[in-house]
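Asks: Read off the chains here:
Number of protein chains: 2
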Amino acid sequence: MEGQLKIERREVLKEKPDFSRLGFGQYFTDHMLIIDYKEGKGWHDARIVPYAPITLDPAAMVFHYGQTVFEGLKAFKTTDNRVLLFRPEKNFARLNRSNDRLTIPQIDEEQVLEALKALISLEKDWIPTEPGTSLYIRPFIIATEPCLGVRASHEYKLMVILSPVGAYYAEGLEPVHINVESKYVRAVRGGTGAAKTAGNYASSIKAQVEAKESGYSQVLWLDGIEQRYIEEVGSMNVFFKIDGQVLTPELNGSILDGVTRDSIITLLKEWGIPVVERKLSIEELHEAYQNGTFEEAFGTGTAAVISPIGELNWLNHKMIINDGKIGELSQKLYDTITGIQTGKLADPFHWVVEVN
Amino acid sequence: MEGQLKIERREVLKEKPDFSRLGFGQYFTDHMLIIDYKEGKGWHDARIVPYAPITLDPAAMVFHYGQTVFEGLKAFKTTDNRVLLFRPEKNFARLNRSNDRLTIPQIDEEQVLEALKALISLEKDWIPTEPGTSLYIRPFIIATEPCLGVRASHEYKLMVILSPVGAYYAEGLEPVHINVESKYVRAVRGGTGAAKTAGNYASSIKAQVEAKESGYSQVLWLDGIEQRYIEEVGSMNVFFKIDGQVLTPELNGSILDGVTRDSIITLLKEWGIPVVERKLSIEELHEAYQNGTFEEAFGTGTAAVISPIGELNWLNHKMIINDGKIGELSQKLYDTITGIQTGKLADPFHWVVEVN
Chain A
43 MEGQLKIERR EVLKEKPDFS RLGFGQYFTD HMLIIDYKEG KGWHDARIVP
93 YAPITLDPAA MVFHYGQTVF EGLKAFKTTD NRVLLFRPEK NFARLNRSND
143 RLTIPQIDEE QVLEALKALI SLEKDWIPTE PGTSLYIRPF IIATEPCLGV
193 RASHEYKLMV ILSPVGAYYA EGLEPVHINV ESKYVRAVRG GTGAAKTAGN
243 YASSIKAQVE AKESGYSQVL WLDGIEQRYI EEVGSMNVFF KIDGQVLTPE
293 LNGSILDGVT RDSIITLLKE WGIPVVERKL SIEELHEAYQ NGTFEEAFGT
343 GTAAVISPIG ELNWLNHKMI INDGKIGELS QKLYDTITGI QTGKLADPFH
393 WVVEVN
Chain B
43 MEGQLKIERR EVLKEKPDFS RLGFGQYFTD HMLIIDYKEG KGWHDARIVP
93 YAPITLDPAA MVFHYGQTVF EGLKAFKTTD NRVLLFRPEK NFARLNRSND
143 RLTIPQIDEE QVLEALKALI SLEKDWIPTE PGTSLYIRPF IIATEPCLGV
193 RASHEYKLMV ILSPVGAYYA EGLEPVHINV ESKYVRAVRG GTGAAKTAGN
243 YASSIKAQVE AKESGYSQVL WLDGIEQRYI EEVGSMNVFF KIDGQVLTPE
293 LNGSILDGVT RDSIITLLKE WGIPVVERKL SIEELHEAYQ NGTFEEAFGT
343 GTAAVISPIG ELNWLNHKMI INDGKIGELS QKLYDTITGI QTGKLADPFH
393 WVVEVN
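Just so you know, the protein sequences line up as chains A and B, in that order. Residue numbering for the first sequence follows the working numbering, starting at 43 and increasing by one per position. Residue numbering for the second sequence follows the working numbering, starting at 43 and increasing by one per position.
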């Protein structure tokens, strides 16, 4: 990336929202980061500018052929006013893996992380401190070249926007009711399921709408080939505790390699709790439920951290998990990860990165 | 859709490009159509305005979760200066089917078609008349609400932009060399393959890039489940003439219901040529090639109309089709459809719609 980061400050700062009623992704801070790409010139003109609408040609390729990737991570403020990021290098490494799948040029991960830190530093008054809140960070890249031919764009825009957020799900840590999706499919090997790209989310919305109409918060996705093996829940990775062992679908090319997923596996190993990544069928879950060994279930992701599952509905087989209450392990994982993220607990794995 | 169509004309018209060197989707006309949607208000404020960049919040949902659909159709000018559209009602019906899959609100197909006709009428000097050229019409809808929660947007923008185009493929009717894709997958049943939505195209670009690196123009997609049954070629439907019979993959929920595909099936039936829509494996094609009954192969779509396939490469089995030349039936279909589209041939099926 050529050149220095330029910073153009907003003259009049926005009024901040009520930090006790933030919701998710509805408010945005005063500034944003933009870096442009042009074939032959590479990534250039990194700049922090006032948060404002962007102007694009109606033929910009992102509108037509969806060449776009994104990331999601969070900044936290400690009680002694330090600003912490949680494993941000993993997000930028994944952004580049997504870029590869979507044929978007690779970014310089370290330089973008440095520019992000400058942005966060400028916006540190936007980091809420109430329990469960944080400053959500959304880096994304869009194809901006105006052309209707189906091919990789020659121009892109990388942007980072920031949003102070409350709990991702209105329910918070209340266990959610999930429908096992038997009609729609999120992804299949050979597709884009392992990339964080818009199309995966676009295709999921209809299943989500139909689940809500039936009284469920979200869907549990099965694999695209046999519609039998568990993949993700909503837009999260998913874990099950069965007979003392924690199981999660293996990274098979169609599910996301989640940062929270990886952190949970690391913690469980540290705690001596057996954790296995493997293929896991819905029949196996149902069998465990029937023989009374299905102990806990939870989704994991940056937005929600841990989202306990209180009920799974599979073709009218209802499975009520842990009496519909949050499990002991789910709670311990949530407390540990949010504790490390907010600086309240020690950080034995060197996961947090301080913004100066 | 409430209200009348408003028209704001450009004061100074653009200089038109050289109509003999148009390429595809690189030049845009003087005006565009915009219709807005807001939950509770419906589609509103239909307007023709000067073609210009649009302004969107960086959090607009289309950038993050890809809720977007599009169409492609063409306008032609006859030798006696009439302006013709080809089966436009099918495009707007399909746009609504895509809307349904992407949970975008339904449009009033007739009203949007009327507004499109007003736009075309205003831009009729942009319709090129050289053989193989036309005015390409790109209707598309994008989710514009600024929000990072994964759900259906409450705000959308429908736009129609126009681009004078030459042949879609630089090769024109020269038969293309196609690689049978055995790694990447375009779509799977339960996904969005039958919808015209950005994510399908985004996921295809990497396969296209790798095919080009190996000396092929495009890929032939196999099904997402067994990676064995033929689906599409590039972004087109595909037909094969084997032993006097024309075969094309059946509409299975993961391939596009093409307007050109439908027109070809209709023509073949009219001509008394047997045409069958069914599952068709790559092994079956290869067997036909080996026993000498594989006569022709071609892709079909609005952009290229007919794109003859001269070579198919399947795991290093090279199939040279019709000595690498365009087949007699492929040429006749191309001549007939483009003849009807441009008013040079009679229109027995009432496919063309005149713009007054």
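Hints may contain errors.
Derived DSS-like pairs (lysine-lysine); straight-line CA-CA distance at most 25 Å [said to hold, decoys possible]: (1) Lys321(A) to Lys225(B); (2) Lys199(B) to Lys248(A); (3) Lys83(A) to Lys254(B); (4) Lys248(A) to Lys80(B); (5) Lys225(A) to Lys360(A); (6) Lys254(A) to Lys248(B); (7) Lys80(A) to Lys254(B); (8) Lys254(B) to Lys360(B); (9) Lys80(A) to Lys248(B); (10) Lys248(B) to Lys199(A); (11) Lys248(A) to Lys83(B); (12) Lys132(A) to Lys248(B); (13) Lys83(A) to Lys166(B); (14) Lys199(B) to Lys199(A).
Facing chain A, from chain B, some residues (calculated, C-beta under 8 Å) [what the hints assert, rightly or not]: (15) Thr97; (16) Leu98; (17) Ala101; (18) Pro147; (19) Leu215; (20) Gly232; (21) Ile247; (22) Gln250; (23) Ile379; (24) Thr380.
Not everything, but these chain A residues come out facing chain B in the computed CB check (under 10 Å) [unchecked claim]: (25) Gln109; (26) Ile184; (27) Leu387; (28) Phe391.
Simulated from the structure, these hints should not be mistaken for laboratory data. All C-beta atoms in this analysis are idealised placements derived from N, C-alpha and C, irrespective of residue type, glycine included.
Asks: Give a verdict on every hint.
Replies: Here's how the hints hold up against the structure:
no. : hint                   : verdict
1   : Lys321(A) to Lys225(B) : 21 Å, holds
2   : Lys199(B) to Lys248(A) : 19 Å, holds
3   : Lys83(A) to Lys254(B)  : 23 Å, holds
4   : Lys248(A) to Lys80(B)  : 19 Å, holds
5   : Lys225(A) to Lys360(A) : 18 Å, holds
6   : Lys254(A) to Lys248(B) : 35 Å, violated
7   : Lys80(A) to Lys254(B)  : 21 Å, holds
8   : Lys254(B) to Lys360(B) : 16 Å, holds
9   : Lys80(A) to Lys248(B)  : 19 Å, holds
10  : Lys248(B) to Lys199(A) : 19 Å, holds
11  : Lys248(A) to Lys83(B)  : 22 Å, holds
12  : Lys132(A) to Lys248(B) : 23 Å, holds
13  : Lys83(A) to Lys166(B)  : 38 Å, violated
14  : Lys199(B) to Lys199(A) : 21 Å, holds
15  : Thr97                  : 4 Å, holds
16  : Leu98                  : 6 Å, holds
17  : Ala101                 : 6 Å, holds
18  : Pro147                 : 12 Å, violated
19  : Leu215                 : 18 Å, violated
20  : Gly232                 : 3 Å, holds
21  : Ile247                 : 5 Å, holds
22  : Gln250                 : 7 Å, holds
23  : Ile379                 : 21 Å, violated
24  : Thr380                 : 20 Å, violated
25  : Gln109                 : 5 Å, holds
26  : Ile184                 : 5 Å, holds
27  : Leu387                 : 27 Å, violated
28  : Phe391                 : 28 Å, violated
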